[in-house]
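K.L.:
Just need the whole structure built from these sequences, with the hints factored in.
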Amino acid sequence: MARLTAKRLPLSALKNGEYVITEGRWESNYVEVPNYGKVSRVAVYGVVISKYVNKVKEFCSINIDDFTDDIRVAGFKGMAKTLESFERGDTILIVGKIRKDNNDNLYLFPEIARKVPIDFMLLNAIENFKFDK
Amino acid sequence: MYKLKDIIEIKDVDEKVAIIGYIVDIKDKILVKDETGEILVSAYDNPHNIMLVERCKVLVFGTTKITPSGMVIVGTIRNIDDANDELLLEFKKIIKNGE
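Sequence order for the protein chains is A and B. According to this note's numbering, the first sequence is numbered sequentially starting from 7. According to this note's numbering, the second sequence is numbered sequentially starting from -8.
None of these hints come from the bench; they were simulated from the model. Warning: the hint list may mix true and false statements.
[To be verified] Restricting the straight-line Cα-Cα distance to at most 27 Å, the calculated cross-link-like pairs of lysine-lysine (DSSO-like) are:
#1 A/K87 / A/K61
#2 A/K121 / B/K7
#3 B/K48 / A/K57
#4 B/K(-6) / A/K106
#5 B/K7 / A/K57
#6 A/K121 / B/K(-6)
#7 B/K87 / A/K21
#8 A/K103 / B/K(-6)
#9 A/K21 / B/K(-4)
[Said to hold, decoys possible] Each pair of labels, with its calculated beta carbon distance range:
#10 B/I(-1) / A/V26: 17 to 27 Å
#11 B/I(-1) / A/V122: 26 to 36 Å
#12 B/V15 / A/V122: 22 to 32 Å
#13 B/G28 / A/T28: 49 to 59 Å
#14 B/K24 / A/K21: 25 to 35 Å
We put the CB at the ideal spot given by N, CA and C, even for glycine.
P.N.:
Encoded structure:
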């Protein structure tokens, strides 16, 4: 089973996709997104709009907005510390897997999270809108 | 989701908006202006305040509220002086046309 690589797409497109739970043990769940195909892993540039930290459980969750929609990014332990270092207003890049929570909401489980200059987000938004239309 | 708007387009209360403009005045609230108008921004819990000076370019996102001083955006404000001007213009144009 080939690893599904990260795709860069607008969050609005991701939210419109259909989440597919696979049966195979080694096969990743994915979202079937029109025009983008199977998306299991995404690369998203966005602005941090809110942050929740639970130090006891070593958990941190942030919401990012890419001007098409927003999504929650949740991390534990080491990744929680990375997410905690971000502040509201920071522009960040998240590369991570798409998961679904108990309430059927999509969220991202980050593998890479880092601050980027605002130009990265602007360029990404321009590309998203140009290719999505 | 925050919608990028011109200040003149902001009419509703409790609306999530994002604006791009520049700072005119900094007091307990920050006065932000774009080509269409100006609005007060109340930026709480803001780590970027130290980078805010008059006439710097900013990206604001927050929720609109009515206060005795009029319509205010309560949210976060960040300095985007380092953003490329051409990209910023293209970004504003495309996001507005894309809606």
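K.L.:
Each hint should be assessed against the structure and marked as holding or not.
P.N.:
For each hint, the structure was consulted:
Between the alpha carbons of A/K87 and A/K61 the distance comes to roughly 9 Å, so the proposed pair stays at or under 27 Å and holds. Of the pairs offered as hints, the one joining A/K121 and B/K7 holds, with about 24 Å between alpha carbons and a cut-off of 27 Å not exceeded. A hinted pair counts as satisfied when its Cα atoms are at most 27 Å apart, and B/K48 with A/K57 qualifies at roughly 24 Å. Under the criterion of a C-alpha separation no larger than 27 Å, the hint pairing B/K(-6) with A/K106 is consistent with the structure, at around 25 Å.
Restraint check for B/K7 and A/K57: satisfied, since their Cα atoms lie roughly 17 Å apart, inside the 27 Å limit. Restraint check for A/K121 and B/K(-6): the C-alpha separation of about 22 Å stays at or below 27 Å, so the hint holds. Restraint check: the Cα-Cα separation between B/K87 and A/K21 comes to about 21 Å, which is no more than 27 Å; the hinted pair holds. In summary, the hint linking A/K103 to B/K(-6) is supported, as the alpha carbons are separated by about 26 Å, within the 27 Å threshold.
Distance hint between A/K21 and B/K(-4) is fulfilled; the C-alpha atoms sit about 23 Å from each other, no more than 27 Å. Restraint check, B/I(-1) to A/V26: a C-beta distance of roughly 44 Å breaks the suggested window 17 to 27 Å. Range check, B/I(-1) to A/V122: Cβ separation about 31 Å, and the 26 to 36 Å hint holds. Remark: the range hint 22 to 32 Å for B/V15 to A/V122 is upheld by a beta-carbon distance near 28 Å.
Distance hint for B/G28 and A/T28: a CB-CB separation of about 52 Å, consistent with the stated range 49 to 59 Å. At roughly 34 Å, the beta carbons of B/K24 and A/K21 sit within the given window of 25 to 35 Å.
In terms of the numbered hints stated before, the structure departs from hint 10 and from no other.
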